[in-house]
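J.: Residues are numbered in the working numbering as their position in the sequence shown, beginning at 1, plus a constant of 34.
One or more of the hints may lead you astray.
List of simulated lysine-lysine pairs, DSBU-like, C-alpha gap at most 35 angstroms [to be verified]:
1. Lys110 x Lys36
2. Lys36 x Lys117
3. Lys36 x Lys169
4. Lys117 x Lys169
5. Lys110 x Lys169
Have a look at the derived ranges for each label pair, beta carbon to beta carbon [what the hints assert, rightly or not]:
6. Ser91 x Lys117: 35 to 43 angstroms
7. Pro172 x Asn60: 30 to 38 angstroms
8. Ser91 x Arg57: 35 to 43 angstroms
9. Glu93 x Pro116: 28 to 36 angstroms
10. Glu131 x Ala109: 37 to 45 angstroms
11. Arg95 x Pro172: 14 to 22 angstroms
12. Lys117 x Pro73: 17 to 25 angstroms
13. Gly127 x Cys173: 14 to 22 angstroms
14. Glu165 x Tyr53: 12 to 20 angstroms
The hints are simulated quantities; they were obtained by calculation from the structure and are not laboratory data. We put the beta carbon where it would ideally sit given N, CA and C, even for glycine.
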Amino acid sequence: MKTLVAIDGSECSMRALEYVASRDWNDDDQFMVLNVVEPLPADLGVGIVPPPTMPGSIEDRLYAESAEISGIGGAKIQQAHPKNLVEVRVASGIVAETICDSAASWNADLIVLGSHGRKGLSHFLLGSVAEEVLKSSPCSVEVVKEKDEITRGGGAGLSQ
């Protein structure tokens, strides 16, 4: 089985990572830990001069941070499952679309990701990566919800 774990460093995505690390897996199962960097708008930063203590571009820093987050995630799964192959990737693009495209090109059997559990206006304004992945995924999806959302909804914490 090939499982793509999409993380962004948020508490809910790290909960999804913990969920994957704590599960029992077959020794031949494979994992991809993916962090997606959304492209910056072309006009971002026009007229802004970065302080001299911040080397490199904003985009370089975002990629470095994403690589660190993915690396930590990959190490966590590898430590829990030393016999399994764990791949770490950083990609650029629209988050939900890039997760689904990565899953398709890697022939993933499962995507695991966290949900912020936004509702109402914040959900309307910000959308939901988890919801978009559920709609567009080429494979099964498990969504690990926030603990207080599980308590309110009475669910098991996973959606498929």
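J.: Each hint should be assessed against the structure and marked as holding or not.
T.: Results of checking the hints against the structure:
1. Lys110 x Lys36: Roughly 17 angstroms between the alpha carbons, so the hint for lysine 110 and lysine 36 holds.
2. Lys36 x Lys117: 14 angstroms, holds
3. Lys36 x Lys169: Given that 35 angstroms is the threshold and the Cα spacing comes to 20 angstroms, the pair holds.
4. Lys117 x Lys169: 33 angstroms, holds
5. Lys110 x Lys169: 28 angstroms, holds
6. Ser91 x Lys117: 35 to 43 angstroms: 39 angstroms, holds
7. Pro172 x Asn60: 30 to 38 angstroms: Violated, since proline 172 and asparagine 60 (Cβ atoms, about 21 angstroms apart) do not stay within the stated range.
8. Ser91 x Arg57: 35 to 43 angstroms: For serine 91 and arginine 57 the Cβ distance comes to about 38 angstroms; the hint holds.
9. Glu93 x Pro116: 28 to 36 angstroms: 34 angstroms, holds
10. Glu131 x Ala109: 37 to 45 angstroms: 27 angstroms, violated
11. Arg95 x Pro172: 14 to 22 angstroms: For arginine 95 and proline 172 the Cβ distance comes to about 32 angstroms; the hint is violated.
12. Lys117 x Pro73: 17 to 25 angstroms: 37 angstroms, violated
13. Gly127 x Cys173: 14 to 22 angstroms: 18 angstroms, holds
14. Glu165 x Tyr53: 12 to 20 angstroms: 19 angstroms, holds
This entry does not satisfy hints 7, 10, 11, 12, going by the numbered hints stated previously.
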